[in-house]
Structures are given as structure tokens and as C-alpha cells.
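> Each chain is listed here by its residues.
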Amino acid sequence: MSAINVPVPNLSAIVPEILTTVLACFLLMFDLFVPKDRKRVVGIVALIGCIFVGAVTAKYINEHIVTFSGMFILDPFSVVLKLLFLLCDVVVILISLRYLEIENVSLGEYYALLIFATVGMMIMASANDLIMVYLGLETMALSVYVLAGFTRMTPKAAEAALKYFLMGVFISGIFLYGIALTYGVVGSTGLPDVSQYITLNGFKNPVLGVAVILIAAGLGLEIAMAPFHFWAPDVYEGAPTSVTAFISVAPKVAAIAALFRIYIEAFNLMAAYWQSILWLVAALTMTIGNVTAVLQNNVKRMLAYSSIAHAGYMLMGILAYNKLGLAALAFYFFAYCLMNIGAFGIVIYLRRQNIVGDNLEDFKGLAQVHPMLALVMVVFLLSLTGIPPTVGFVGKFLLFSAAVEAGFYWLVAIAVLNSVISLYYYFKIAKVMYMENPEVDVPLSAGMGLKVAVFTLGLLTFVLGIYPHPLISLAQRSISSFF
Amino acid sequence: MPLQDAYWPLILVALLAFGFGAVSVLLSSLLGPKKPDPIKCSPYECGVEPVGNARRKFFVHYYVIAMLFLIFDIEVVFTYPWAVSFKSMGLWGYIEMVVFIVIFLLIYVYVLGRGALEWE
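Heads up: the protein sequence lines correspond to chains A and B, in order.
With the numbering used here applied, the first sequence covers 1 to 483.
With the numbering used here applied, the second sequence covers 484 to 603.
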């Protein structure tokens, strides 16, 4: 019998993952000892834990470690993404604390699942091997399926979870097929190995082309890009709003980052090939997202279509395939996290007894009842549209200029036209808030966490729009391991 | 030993297995007493009524127990190869397995705490 040689990996590369896993397991155990009516404590512990893990992770920003036989990579790009996921967690926990009690599902498992999903996304951000991407994808997806159906007594949430689960399982099979085809041709699933094979043997084998498409399809579900976006509106509408805020940002960012790494590290020589596919997909994604959003009267559904459109903009960052494109992508991830979770936070803010807060009517006359809240919502809407002085404008500007630099003039023209369309439906909400009178006089009763989260996000969206330098320097630092 | 010769024992075992099965079925149908009744003639389906409405409610505990069984089954699947190559995997492999088993212990504590193993 041949001895199995187990090389000892460099464990310092996975310290953030280990800490996050320990945190999630601890939350599960801790939850057992917390009485039923005080589950908020679990959320607060999760919040402190995330901040602690974030502080530790930030120390690795200048490291570059490849370990686990080359399957796992810790570089500035992955560290910046990990920090983003933890930021998402912090904000989502803040907006969930009170909301879960209103929905009557204040359970400790919610926070543990959120952290488990984060572990999966962290692995995706650091994956240097197709199998590793799959592992992270599944760890994340399984937690998120459960979260989507967390208000399990409402039929809509159950439907959302089941739809998400069925689509996810189906697409992960397609993704695996892509990995299998790559392995069949190359004989390895490591990203550098694939790149090396293509350098030596060229890419005449059509199977590689199929693999490139199947891999994009597999990740495309989480990105919600054009032909794989059908699940998104139903799931976003049915899932609890705090979960919608989470799944519209974090898994999407993780999947785009993984797709980026796969295309840049493994299929770099096939750039002309995947660029021509992504061009079409990006144009389709943003157009379908924006045009369909115009017809929506449910704000959660509208934001779902708008997030499909934003995925289309973000694909331009991969497509540009240059320094500016990657920096713009990293910047846009943060900008998108701030403004999109913020907008969903306002929907949660409007959640009252018997009112879900996601109908356009629920926003009627908000400016009279709560002028500050309406103002913050306008900031988020401006930012989502991409109008200065907000962080969304800077992000879009960087993305579009990267695409222009790479010579995609037509795509940028389509994107700009799409931004104009988006102005219509975003400002439908603003119009209702400012031009109409309130219908219901049930007072708003937001918790402390939600107030802090929404107003901080609003302030950041505005301030980083005027002074984006800290975020730009972070984005520049993240690209140092590429190009 | 040439390759063809290496397969002879396999073919012999296959013939033996098939022969034993055929002979015992044949003998029991020839020699066995036959007193059919409706319950005996119905196919065995783990104690569940074989014919009837498929849309019936199952006690949710079945699923919980099945899932737990699966999880701990996987644990054994991973522990077995480790036990076989215990020496060559050394201290590192030992530590890895201890971490793995501690995680299972946590699952067990969680399951107990949630009351998933109680039948009411």
C-alpha cells in the first residue's frame, strides 16, 4: 500500500476562514443557552465577532500566500473581498436585529447561517482551483437557501427558498460539468495549470470553449446574469427583506470575483473568446434588468431587477480586462454594498404591523412623515442611478472609463442608455415620497441597530461620493497581485 | 501469472454466486409449503402501505433522523481511510481528524440541545 503523503499547509493563509468558522460554530452552541425571547443577544455577539474577524483579516492585506498544494491563495484582492463580506454581515445583522422579532422568527440560527455563508464566500474569493470555487459556492449556497426561507410559515418565503434551491442545485450540476470538461482536457483543476496548458497547447480543443461557457453559467446563477436571472425577482420578493439585502449583494460579489479570477488566471489566453460572450451577456443583463424594473410596482421586486442590472454593469469590469477595470470592480463592490443594502434597509424601516413596506404605496408621503428617512432614500436612489455626488457615480464612472479604455464603446453606450432608463423607475419612488400624501398613519418604529445602519450607510454613500480617495486607494491596493 | 489466469478465480466466484442463488430459489419453490394470503402476497415496503394515496403526511422526525444518520455516516466514511493509513499521515493527520471529530461532537451537542432526538 502506498503511503499517503500529507503536506502540511501554511495555516496562516486561512486564519480568517478558521476564525469565521469558529465564530459560526460558537454562535450555534451559544444559541442553545439563550432564552427564546432574547435571541437578539446572539445577533450582538455575531456582530462583535464579525468586527473582530475583520480586524484580524485586515492585517493580511499585504500578504501573498499560495498554499494547500496551490488550491488556496491569499492575496490583497481576496483580503479586500473578505473585508467586504464581513462589512455586509455587520450591516445585515444591524438591520435584522429588530426585523426578525417583528417577523416572529427571531432565532439564533439566522446569525450562524449568515456567518457560515460568509465562510463559503471567503473560500470563493481565495479559490485558486475550480474545485475550491465549487466548495465555497456550495457552502455559501446551502446556507443562503435556508436563509431565503427563514420566515417558513409564509408561503411566499417557502416558495422562494424552494425555487432558489432547485435552480441552485441544477446550475451547480452545470458548473461541475464545466469543471469536469476542463479536467478532461487539462488533467488538472488548478487555475495556473489550466493557464499553463493553454500556453503550451493552445485552445484549439472546442471542449475548452464549452467549459468556459459552462463555468460562467454555473456562477451566473448567483450573479443573476441574463439567461439565469429568472429566479431572482421571485426569491428577492419572497425572502425576508434582510435576507434579500444580503443575497442581493454578498453572493453576487463573491461569484463575480470567482468568475474574474477563473477567467484572468486560467483562461487568460482565451480572453478574446470569453470577452465576446461576456459582451453579449453584460448588455443583455443590464437591459433586461432595467427594462423589466420599469414595470414593477413592488419595491423589493424593482430592486431585484435593478440588482440584475447592476450585475450587468459589474460584468463590464471583468470584460475590460485591464488594471482600471479590476480597480473599478473592487470599488463598485463596496459602492454597491453601501447603496443596495441601504435601500433594502429603508424597506425594512417601513415594515409595520400588517404592512410589509415593499409596495410603492407604502412610500407615499414619506417626506412629510419622516423627512430624514426620505432624504436618505433619495441619496440611495441617486447613488443607484449613478448621479453625483454619490459613491454610485464614482463607481460607474470608473467602470465605464475602464470599458472605454478597453475599446468597448458600444457596450458603454448601452450602459449609459440603461442608466437613463433606471432613472425613471428609481425616481418613481422619490416622486411618491415627495409629491403624494401619506395614506396610513401607523407610526414607524425602527430599532436602534436599523437606524444606525441606514443613516450610516446614507452618510457613507454621500461622503464617499465627494471624497472617494480612501476607497480608491483600497481598490488600487487590491489589484497589486494581478497584471 | 498472466492476466487471463488472474481472472479465473473471479469467474469461478461469479458462477458460484449465481449458482447458489438459482439453486436456492429453485429448491424453495419446489419444496416450500404454499399458503398464500393477501398480506404475504403484497410487496414489502419498509412497513408502509404499498398501495394508497401518495400524498400523505410523514412524521417530520423521520427526515431529521435520516439527515443525522447521513451526517454521522459521512464521519465514518472519512474516519475509515484515516484509520487505514494512520501511521503515514502522522501527527498532522491526527490533529486534522481530532478537529474534524470535535466538530461532530459540537453537532451532537447541538442536536441534543435542539431536542431532535426526542420522540414525543
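One thing to keep in mind: the hints can contain errors.
[As the list claims (entries may be wrong)] With beta-carbon atoms standing in for the labels, derived distance ranges:
(1) Ile102/A <-> Gly598/B: 32 to 38 Å
(2) Arg352/A <-> Trp602/B: 39 to 45 Å
(3) Ile584/B <-> Val66/A: 53 to 59 Å
(4) Lys570/B <-> Val66/A: 49 to 55 Å
(5) Val41/A <-> Leu595/B: 19 to 25 Å
(6) Val66/A <-> Val592/B: 50 to 56 Å
(7) Gly173/A <-> Tyr545/B: 47 to 53 Å
(8) Ile584/B <-> Val416/A: 54 to 60 Å
Derived from the structure by calculation, the hints contain no laboratory data.
Here a beta-carbon is modelled for each residue, glycine too, at the ideal position from N, C-alpha and C.
> What hints, given by number in increasing order, does this structure fail?
1, 3, 4, 6, 7
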